[in-house]
Structure formats: C-alpha cells, structure tokens
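Full structure from sequences and hints, please.
Protein chains: 2
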Amino acid sequence: MLIQIYYEQIYMEKELLLMLPGPVPIPERVRFAMSRQAINHRSPEFGAAYADCVRVLKTAFGTTNDLFVISGSGTAGMEAAIAGVGRDKEIACIVNGKFGERLYKISQRYGKAHEIKSDWGTPVNLEALKAQLETGAQIVTLVHNETSAGIKNPAEEIGKLCRKHDALFIMDGITSIGGDVVEADKWGVDIAITGSQKCFAAPAGLAMVSVSKRAWERVTRNPPYYLDLAAYKKSASGTPMETPYTPAVPLFLALRESCLMIEEEGLPVRIARHKKMSGAVQAAAKTWGLSLFPKTDKLHSCSSTVTAIEYPAGVRDDEMRGIIKKMGIVIAGGQDHLKGKIFRIGSMGAVSAPEILATLAATQHALTKCGFQRKGDGVEAAAEVLG
Amino acid sequence: MLIQIYYEQIYMEKELLLMLPGPVPIPERVRFAMSRQAINHRSPEFGAAYADCVRVLKTAFGTTNDLFVISGSGTAGMEAAIAGVGRDKEIACIVNGKFGERLYKISQRYGKAHEIKSDWGTPVNLEALKAQLETGAQIVTLVHNETSAGIKNPAEEIGKLCRKHDALFIMDGITSIGGDVVEADKWGVDIAITGSQKCFAAPAGLAMVSVSKRAWERVTRNPPYYLDLAAYKKSASGTPMETPYTPAVPLFLALRESCLMIEEEGLPVRIARHKKMSGAVQAAAKTWGLSLFPKTDKLHSCSSTVTAIEYPAGVRDDEMRGIIKKMGIVIAGGQDHLKGKIFRIGSMGAVSAPEILATLAATQHALTKCGFQRKGDGVEAAAEVLG
Chain B
136 MLIQIYYEQI YMEKELLLML PGPVPIPERV RFAMSRQAIN HRSPEFGAAY ADCVRVLKTA
196 FGTTNDLFVI SGSGTAGMEA AIAGVGRDKE IACIVNGKFG ERLYKISQRY GKAHEIKSDW
256 GTPVNLEALK AQLETGAQIV TLVHNETSAG IKNPAEEIGK LCRKHDALFI MDGITSIGGD
316 VVEADKWGVD IAITGSQKCF AAPAGLAMVS VSKRAWERVT RNPPYYLDLA AYKKSASGTP
376 METPYTPAVP LFLALRESCL MIEEEGLPVR IARHKKMSGA VQAAAKTWGL SLFPKTDKLH
436 SCSSTVTAIE YPAGVRDDEM RGIIKKMGIV IAGGQDHLKG KIFRIGSMGA VSAPEILATL
496 AATQHALTKC GFQRKGDGVE AAAEVLG
Chain C
136 MLIQIYYEQI YMEKELLLML PGPVPIPERV RFAMSRQAIN HRSPEFGAAY ADCVRVLKTA
196 FGTTNDLFVI SGSGTAGMEA AIAGVGRDKE IACIVNGKFG ERLYKISQRY GKAHEIKSDW
256 GTPVNLEALK AQLETGAQIV TLVHNETSAG IKNPAEEIGK LCRKHDALFI MDGITSIGGD
316 VVEADKWGVD IAITGSQKCF AAPAGLAMVS VSKRAWERVT RNPPYYLDLA AYKKSASGTP
376 METPYTPAVP LFLALRESCL MIEEEGLPVR IARHKKMSGA VQAAAKTWGL SLFPKTDKLH
436 SCSSTVTAIE YPAGVRDDEM RGIIKKMGIV IAGGQDHLKG KIFRIGSMGA VSAPEILATL
496 AATQHALTKC GFQRKGDGVE AAAEVLG
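Residue numbers (the numbering used here), protein chains in the order written: chain B, 136 to 522; chain C, 136 to 522.
Worth flagging that the hints you see were computed from the coordinates, not collected in a lab.
Fair warning: there could be bad hints in the mix.
Unchecked claim - With a Cα cut of at most 30 Å, we get these calculated DSSO-like pairs of lysine-lysine: (1) C:K240 - B:K348; (2) C:K460 - B:K369; (3) B:K369 - C:K240; (4) B:K369 - C:K233; (5) C:K295 - C:K411; (6) C:K252 - B:K369; (7) B:K410 - B:K233; (8) C:K265 - C:K295; (9) B:K224 - C:K247; (10) B:K247 - C:K368; (11) B:K368 - C:K233; (12) C:K474 - B:K369; (13) C:K369 - B:K240; (14) B:K368 - C:K247; (15) B:K474 - C:K368; (16) B:K476 - B:K461; (17) B:K247 - C:K240; (18) B:K369 - C:K476; (19) B:K474 - B:K504; (20) C:K433 - C:K299; (21) B:K224 - C:K224; (22) B:K240 - C:K247; (23) B:K368 - C:K240; (24) C:K421 - C:K476; (25) B:K193 - B:K224; (26) C:K421 - C:K433; (27) C:K240 - C:K252; (28) B:K233 - C:K368; (29) C:K369 - B:K252; (30) B:K295 - B:K368; (31) B:K348 - B:K299; (32) C:K247 - B:K369; (33) B:K504 - B:K430; (34) C:K224 - B:K240; (35) B:K240 - C:K348; (36) C:K474 - B:K368; (37) C:K240 - B:K224; (38) C:K240 - B:K240; (39) B:K411 - B:K421.
What follows is the structure, given as structure tokens:
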C-alpha cells in the first residue's frame with residue numbers, strides 16, 4: 136500500500152526521455168536495486184556485489200588487469216589515473232574535444248602537460264603525437280569516444296605508438312566501454328576509465344578504473360588521498376572485497392544489476408545494438424540532408440554511442456530542442472564553442488528502437504517547424520535500419 | 136504489479152538492523168526517492184533538489200557560509216577541505232581517535248602536519264595544541280565527534296583558540312552534524328564537513344562541505360581537480376545550481392528527502408531524540424555494570440550519536456556480536472587497537488525507541504550467554520529513559 140503511494144508520487148512528475156550522451160534512461164531493475172535497505176559496506180554481501188561488478192567490467196574493458204570502482208564521477212576516475220602515474224612526468228594529452236581538454240587540465244595539475252591539439256571532431260594529430268613521444272613524453276592521454284564531438288578515436292593505433300616509445304597509455308573510455316568494442320589489454324592501454332551513467336545504464340556516481348602491471352611499476356608519489364589507486368588495490372585484495380573509504384552502496388547495487396543485465400544480453404549483442412541504434416540516427420540525418428559533425432578518415436569513425444549532427448542554416452538550437460522537449464524528449468546541444476552549431480542524440484545503455492524512433496520522429500517534426508526543408512523521410516530511413 | 140514483484144524480491148533477502156555508527160537504517164521515503172528515472176543534472180529540477188539540500192544543511196551546520204555537496208565519501212570532503220587551504224601550511228591535527236588520524240594522514244599529503252596526540256577516547260591535549268599554535272600553526276583540524284572512541288570533543292573551545300591565533304579551523308562533523316548541536320559560525324569553524332550516511336540517514340556517497348569567507352581568502356594553489364572547492368562554488372552560484380562534474384543524482388534525491396524529513400521533525404527535536412537514544416544506551420551499560428569507554432571531563436562528553444562500551448573481562452567480541460547478529464542486529468566492535476576491547480552502538484539518523492530496545496535486549500542476552508554476570512536489568516533502565 137505504502138509502496139503504491141510512493142509509486143504514484145514518483146510517477147506523477149513528468150518523466151522525460153533522456154536521449155543524451157549521459158545520463159541515460161535507467162532500467163527499472165537497476166533503479167529498484169537501489170531501494171533496498173542499507174547494507175554494511177564491510178560485509179561479504181557488499182563484497183559479493185563489488186566482485187560481480189568487477190567480473191563483468193573486466194569483460195567490457197577487455198582486460199585482466201586490476202580493476203576498481205571509485206565512488207565519484209568519471210572525472211574522479213580520470214584524476215585517479217593521472218595522479219597515480221603522472222606527477223612530474225611529461226604527459227602528451229590528445230585533445231579533439233571537451234573531454235580531451237579535461238584530461239589536459241587535470242594533467243597540468245600533476246605533470247608537464249603538452250596539448251596534442253586538433254579541432255573538435257577532427258582526427259587526432261598523429262604526427263604531433265609522434266613528435267612529442269620522440270622528445271620524451273612518458274604518458275599519453277586519450278579520450279576514446281569524444282562525446283562532445285561524436286568522434287571515435289583510434290585507440291589501438293595510439294596504443295601501438297605508446298608501446299613503441301615505452302610510454303604509459305591512459306584511455307578515457309567513459310562513453311565507449313560497455314557500448315562499443317574495447318580491448319584494453321590488446322591495445323596496450325595501461326589505465327582505462329569509465330563511468331556508471333553511460334553505456335552501463337546505471338546511475339551517475341561511480342568511476343571504474345583498470346590498472347596494468349606496467350602502470351603499477353611506474354606509480355608516482357603523493358596522489359590525492361581519496362584517489363590513491365594503491366589504497367583501492369589493497370582494499371579490493373582482501374576477503375571480502377572492500378573499498379578503502381565508505382562507498383556509495385546503492386550505486387554499487389545498481390551497477391551490479393546493470394552488469395548482470397549485460398551478462399544476460401551478452402556483450403557482443405549489446406555492442407551490436409549500440410551500433411544499430413546509432414546507425415539508425417546516422418541514416419536519418421543523411422536522409423534529411425544534414426551532415427554528421429565528425430570529420431572521419433580510415434582511422435577515425437563516427438561514435439556508435441552518440442551521434443553529433445550539424446544544424447542546417449537557419450535552425451535555432453533552443454527553438455528546435457524546445458519543440459522536442461515539449462514532446463517529452465531531451466536531446467543534447469553542443470558544448471562550449473559548438474553551442475548552436477550541432478545537436479547530439481545519445482544511443483547509450485539500454486536505448487533501443489522505440490526510443491530512437493520516437494526521438495527521430497520528434498526531431499524530424501521540429502526541424503520542419505523550424506523552417507528546414509528536409510530532403511527525405513529520416514524516420515523511415517531509420518526504421519529501415521532498425522526493422 | 137511489477138512494483139510488487141520487486142518489493143518481494145528486495146525483502147526476501149534477510150534484512151539486518153544496522154545499529155552501527157554508519158551506515159544507518161535508511162527510511163523508506165528516502166530509499167524510494169532514488170528509484171525514480173534519471174533526471175538531467177543540468178536541469179532546474181536537479182538544481183531545486185540541490186538547493187533544498189543546501190537550505191537544510193546550512194541549518195544543521197549552523198552556518199550562513201557557502202555549502203556544497205560532493206559526490207564521494209566523507210573522506211573526499213575531508214580532503215577537499217585540507218587540500219583547499221592546507222598546501223605547504225603548518226597544520227595542527229588533533230588526534231584522539233581513528234578519524235583524527237585520517238585528517239592527520241591527509242594533512243601530511245599537503246602541508247607540514249603536526250600531530251596533537253592523546254590516547255583514543257581521552258581528552259584533547261589542549262596544552263600541546265596551544266604550544267603548536269604559538270609556534271605558528273596556521274590550520275587546526277578536529278574531529279568533533281570521534282566515532283571510533285565515542286567521545287565528543289570541545290569544538291567551541293578549540294574554535295576560540297584558533298581565532299585567538301588567527302588559524303583556520305577545519306572541523307569534521309561527519310557524525311555530529313544533523314544529530315547533535317553544531318554551531319559552525321558561532322564556534323568559528325572555517326570549513327565543516329559531514330557525510331550523508333550518518334545523522335542524515337541517507338545512503339553513503341555524498342560529502343557536504345561549508346567554507347567561510349576567511350577560508351576563501353586563504354585558499355592555496357593546486358588542489359586536486361575533482362575536489363577543488365572553487366569549482367563547486369562556481370557551479371553552485373549559477374541558475375540552476377549545479378555541480379562541476381556529474382553528480383550522483385539518486386543520492387542527491389535521497390539526501391533531499393532526508394533533509395525534508397529533518398525539516399518535518401524539526402532539528403531541535405531530532406537532536407533531542409539522538410540524546411535520548413544514546414542516553415538509553417548509556418543507562419543500560421551503567422546498569423549492567425559496564426564502563427563507557429570515553430574519558431570525559433568538563434569539556435569532553437560521551438557522544439550522543441554512538442556509544443562506546445568497554446567489554447568486561449572474559450567476553451569475546453566475535454562471540455558476543457555473533458549472538459546478536461543471529462537475532463538480525465548488527466552492532467560495531469572496536470577499530471584497530473580497540474578491536475576486542477570495546478563495542479559500539481549507533482543511535483544516528485532515524486533510530487528511535489524500538490531499534491534501541493531491540494538492540495539492548497539482544498545485547499543483554501548475549502552478554503549473559505558469554506558468561507557475564509550483569510549487575511542489573513539494562514533493558515529496563517533504557518525503557519525508563521525512553522518511556
């Protein structure tokens with residue numbers, strides 16, 4: 136009875152369909168995993184939940200390395216990585232979007248950071264990276280899937296360069312791991328990072344970090360206390376598995392449920408689904424006559440977890456997204472200097488055909504209302520991909 | 136219908152009554168606030184939830200200073216404080232328990248930390264503190280309520296000393312704020328810290344930090360990126376209120392619900408309830424003929440959020456707590472060198488007479504089973520306090 140009352144209370148508020156590059160819709164099973172009573176975080180029960188998470192995460196990371204879960208946002212995971220091995224080191228930071236910039240900013244707090252820059256959404260400047268490695272860069276940072284620009288960067292290629300020059304490779308896989316192919320070990324990634332609220336379709340608030348043997352051998356002094364990877368390793372090695380400081384217990388229980396759902400679906404099937412969903416969005420954009428924002432080449436491709444589309448001349452961002460929001464759907468605009476230039480549709484996590492079709496139908500309607508003359512029926516083109 | 140299924144699934148697992156000094160039982164309203172669908176953390180709706188939290192938190196802190204919520208454990212809040220103002224500074228760290236030690240360890244990563252030490256659960260060495268302040272300590276750290284030893288330290292007195300010597304005062308109020316009287320502004324606390332999973336009876340995973348004008352004027356260079364208080368200030372100043380990095384949204388929604396419950400109960404009533412509940416535990420211990428662990432004097436008192444009791448000779452910790460756990464109740468043992476020497480009963484958050492009576496009845500039974508000859512009926516003594 137009481138449950139019923141809360142149920143109504145919760146759902147009376149208007150629920151928006153979040154088709155963002157995170158946060159993403161969270162499956163009911165995952166949300167309800169949080170509503171149980173508190174459990175002791177120094178108990179076998181918590182340890183078992185943590186272990187379930189780590190087992191599935193290792194598969195998604197493509198790694199057999201140590202892997203920890205930090206209570207904090209993806210940014211906390213980024214900093215744990217850089218602070219862990221980067222103090223006073225030469226760090227080459229690849230930047231072709233907002234999150235690459237963030238890795239660069241964090242790197243500046245610890246080491247001598249060098250920006251390997253290209254315009255947002257354009258290919259990585261591999262020549263500049265090679266030059267930096269030849270002049271002694273000891274660490275390379277990369278955002279695998281650059282959410283701000285919808286581009287997927289060539290992690291495997293960059294991993295090879297790192298190995299060749301004996302540099303550590305830190306890869307932000309926050310919007311690729313769990314939704315796209317990631318092979319951290321095969322690619323030579325020393326520290327990989329992801330977050331709970333993206334392809335895992337769990338709530339925001341957890342960062343996951345894997346650490347290679349090579350990275351452990353090159354740990355630097357005096358990381359932040361809260362983000363000290365060695366402390367996470369020590370606590371995770373005990374029985375039961377623990378975290379060094381009080382973890383966000385409900386978020387671990389939610390992540391565990393998400394991980395079980397990934398095992399049930401099967402990771403390859405999940406990755407194929409992400410590709411299909413983003414493929415449908417790309418097909419719609421092309422059919423409308425709009426350009427995808429990323430400048431791809433044989434090493435770079437469009438993201439399969441978020442699609443960035445250029446606004447046609449005359450269509451105003453706030454107006455178009457406002458019309459879509461009136462239909463209960465939220466898509467993302469551009470960030471920073473891309474505000475008003477692009478819009479972005481997420482296809483992360485549990486997103487499937489109904490959400491994509493609804494979003495594209497609303498977008499097609501809004502584009503027309505904003506005065507854009509579309510070339511063709513993007514919704515039908517998407518249905519063709521999805522059907 | 137689906138809700139019903141989840142309800143059963145959740146409750147089929149054995150639920151333990153956690154009478155720990157955190158995590159504490161979470162009211163149903165608070166847990167269910169987490170189960171709603173994800174909301175955008177850059178939306179007016181999220182901003183309103185954050186603002187609700189801050190309004191109530193300021194009352195509980197006794198402050199009109201800036202106040203932020205960080206997605207991370209209490210330790211993250213401690214580090215944000217020390218890293219924010221402590222780099223290369225002389226820091227006097229008061230240590231009379233485990234969490235005082237933690238502040239000392241964190242301080243060592245940033246400044247020149249001096250330990251002002253006394254045995255766990257014994258009064259603060261005020262003479263040593265004065266000497267340190269006279270030789271130039273610029274910051275003092277204190278744990279207001281030392282959970283590891285069940286002692287409440289004289290924050291107001293220490294605040295006066297800090298003012299006299301123009302030192303900043305950092306106070307960990309993780310297990311006092313929201314459950315005991317805290318007057319951060321009146322006491323001259325420059326940075327106060329608390330956590331969500333203690334007296335607020337919300338899930339673990341959020342740290343709350345208040346920052347005085349004086350502290351802002353003395354900010355030091357290069358704090359950790361994720362724990363940079365200036366970034367939290369900037370994001371919280373906008374409309375809507377935001378956090379600089381993706382927050383743990385469900386935990387904010389839970390904390391908001393906890394805060395609304397505090398407003399409904401009334402903070403003074405809540406504080407009086409904590410005092411009454413711990414008073415009942417203290418009365419039981421004395422009636423059994425057991426000693427409370429803290430060595431109090433006119434400045435130091437027993438905590439009203441956790442009661443630490445000395446084991447009588449011959450009673451084994453694992454055996455006694457094992458018997459209690461069989462009855463579905465979890466109390467805490469001692470930490471580090473106090474393992475086996477003391478046991479601790481939490482009275483934080485939403486804990487009221489039924490939980491206290493059940494816990495004391497189970498404890499009384501277990502003490503007898505472990506061979507202890509009690510002097511009197513502690514359960515009846517507690518009922519006398521509670522009735």
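To see whether the hints hold, each was checked on the structure:
1. C:K240 - B:K348: holds, 27 Å
2. C:K460 - B:K369: holds, 27 Å
3. B:K369 - C:K240: holds, 17 Å
4. B:K369 - C:K233: holds, 19 Å
5. C:K295 - C:K411: Between C:K295 and C:K411 the Cα gap is close to 29 Å, so the pair holds against 30 Å.
6. C:K252 - B:K369: holds, 27 Å
7. B:K410 - B:K233: holds, 23 Å
8. C:K265 - C:K295: Holds - the C-alpha atoms of C:K295 and C:K265 are around 11 Å apart, at most 30 Å.
9. B:K224 - C:K247: holds, 24 Å
10. B:K247 - C:K368: Between B:K247 and C:K368 the Cα gap is close to 27 Å, so the pair holds against 30 Å.
11. B:K368 - C:K233: holds, 21 Å
12. C:K474 - B:K369: Judged against 30 Å, a Cα distance of about 20 Å means the pair holds.
13. C:K369 - B:K240: Holds, because 17 Å separates the two Cα atoms, which is no more than 30 Å.
14. B:K368 - C:K247: holds, 27 Å
15. B:K474 - C:K368: holds, 24 Å
16. B:K476 - B:K461: holds, 21 Å
17. B:K247 - C:K240: holds, 27 Å
18. B:K369 - C:K476: The hint holds at about 26 Å.
19. B:K474 - B:K504: holds, 20 Å
20. C:K433 - C:K299: holds, 21 Å
21. B:K224 - C:K224: holds, 25 Å
22. B:K240 - C:K247: holds, 27 Å
23. B:K368 - C:K240: Holds, at about 18 Å.
24. C:K421 - C:K476: Distance ~17 Å between C:K421 and C:K476 Cα, so the pair holds.
25. B:K193 - B:K224: Roughly 28 Å separates the two Cα atoms, so the pair holds.
26. C:K421 - C:K433: Satisfied, since the Cα-Cα distance of roughly 20 Å is no more than 30 Å.
27. C:K240 - C:K252: Holds: C:K240 and C:K252 sit about 13 Å apart, inside 30 Å.
28. B:K233 - C:K368: With Cα atoms ~21 Å apart, B:K233 and C:K368 stay inside 30 Å; holds.
29. C:K369 - B:K252: holds, 27 Å
30. B:K295 - B:K368: holds, 27 Å
31. B:K348 - B:K299: holds, 17 Å
32. C:K247 - B:K369: Between C:K247 and B:K369 the Cα gap is close to 26 Å, so the pair holds against 30 Å.
33. B:K504 - B:K430: holds, 28 Å
34. C:K224 - B:K240: holds, 25 Å
35. B:K240 - C:K348: Given that 30 Å is the threshold and the Cα spacing comes to 27 Å, the pair holds.
36. C:K474 - B:K368: holds, 24 Å
37. C:K240 - B:K224: holds, 25 Å
38. C:K240 - B:K240: holds, 26 Å
39. B:K411 - B:K421: holds, 15 Å
Going down the numbered hints, you'll see the structure goes against none, and every one checks out.
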